[in-house]
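**Student:** If you read the protein sequences in the order shown, they are chains S and E.
Each residue of the first sequence is one higher than the one before, starting from 591 at the first, in our numbering.
Each residue of the second sequence is one higher than the one before, starting from 11 at the first, in our numbering.
Think of the hints as simulated: they come from the structure by calculation, not from any bench.
You can trust all of the hints, since none of them are fake.
Computed footprint of chain S on chain E, listed as stretches where at least three residues anywhere in the stretch have a Cβ under 8 Å from a Cβ of chain S:
no.	segment
1	15 to 22
2	26 to 33
3	38 to 44
4	85 to 92
5	100 to 114
6	126 to 132
Glycine included, C-beta positions come from ideal geometry on N, C-alpha and C.
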Amino acid sequence: MSAVQLSRRDQILIHCAPFREERVDDRALRTALHHARKSEALAVQQNFDKAAAALVQAIPIPPEITEWVPSETFIAPARPAWKKYAQNPVFLATGIAAGVIAVILIFQLIDRLNRFPGEPTARRLLTTAASTHSVILDPVKTNAGALGDYFFMKHRLAHYDVPSEFADLKTLGLRVFDDEEGQRVAQVWAVEKKMQFFLFPAERDQKTGAAKHFNGWRYIDQERWTGAVREEGGVCFMAAVRGSQKDLAPYVSKKRE
Amino acid sequence: MLADAAKAQEIFHATLRDAAQLAANSEAPRDRLWFFRNARWRCLEAGEQGLQAEDVDLEQDELAVSAPSQIEKLEPQQLAIWISGAPDPQRTALALFYLDEFSYRDLLSVTELKPQELSKLLCNGRRQFQAWLDAVVPVTQP
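Whole structure, please, built from the sequences with the hints as guidance.
**Tutor:** Here it is as structure tokens:
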């Protein structure tokens, strides 16, 4: 044993220390006991307390009392811990805030996963689709699949091919124009569902100039218009329709050789 | 706390009756500490009707290494009488501490004392008890 210097706070706590370790349920008290573990005063105090408690335990309890020991039914059942926490305003507010943050993060993640190169252009063209009337297009009645040669021969637009999924659809008219970034855009009006097709250069890497590729069909929607976009050979194709993804899904899911 | 078995029994039964009534009204006590708090207040009320402990400065001694052997020589009833003679809240603090039923936090909750207050009461109580022990059961020299 040795003389241990304890802080005033530790001394205050040590005087209240239960002599049985399982009764120590306070962190500060446990720390104080740790600081005082080699102190002679603590050992003397605990021996004193044990002896006094043993004497108290030896006080006989009258049988009239032991027979009347209350049953647990007099004590309300403990509320589940989560209910206690759920009713605490601090935990409630923190939980709501965490929930809102989680929802925002999930939305951002979904949004990020749905992004693809050329999406800003596709969105601009959806606006164009919503405001275009067939009268401003050159009337060309043919199968959409035949337009690739037309665009190449007449406008020198290579790889401006309508994908096989939409190749059988009849067209009403088309036009080729420069968008606000000076890109050559082909716009086609189809008979079916007043669908419109757009063909435009894929987004390019600013350093290398190479087209940014992505696989499969990507959907975008804006102001009740929906577009299904895919990229091939450095050219993006978008089928746009007034409606939802459901209206385009049957075409997109078609597999053609 | 009362050093009177008959009064203690009355208080015990009254506390149980209270709990049974609350349980019947679907307002059962939330935990076992309720029983001790209720009994404590009843003990204090009962104590006020009897002889009151004098507010005097009792002699104090440092705790002795030999204290456990001195305590062993006491009769349980002697300790009960000594504790019941202490003024409240020291009586409450000592009685509940040596009952060895409560954790530190339980003890603060049942006694409704602050840590500093409980610490001072227990510290002084031990020293006063040691002084009394030295008077009642003097250490025999080998």
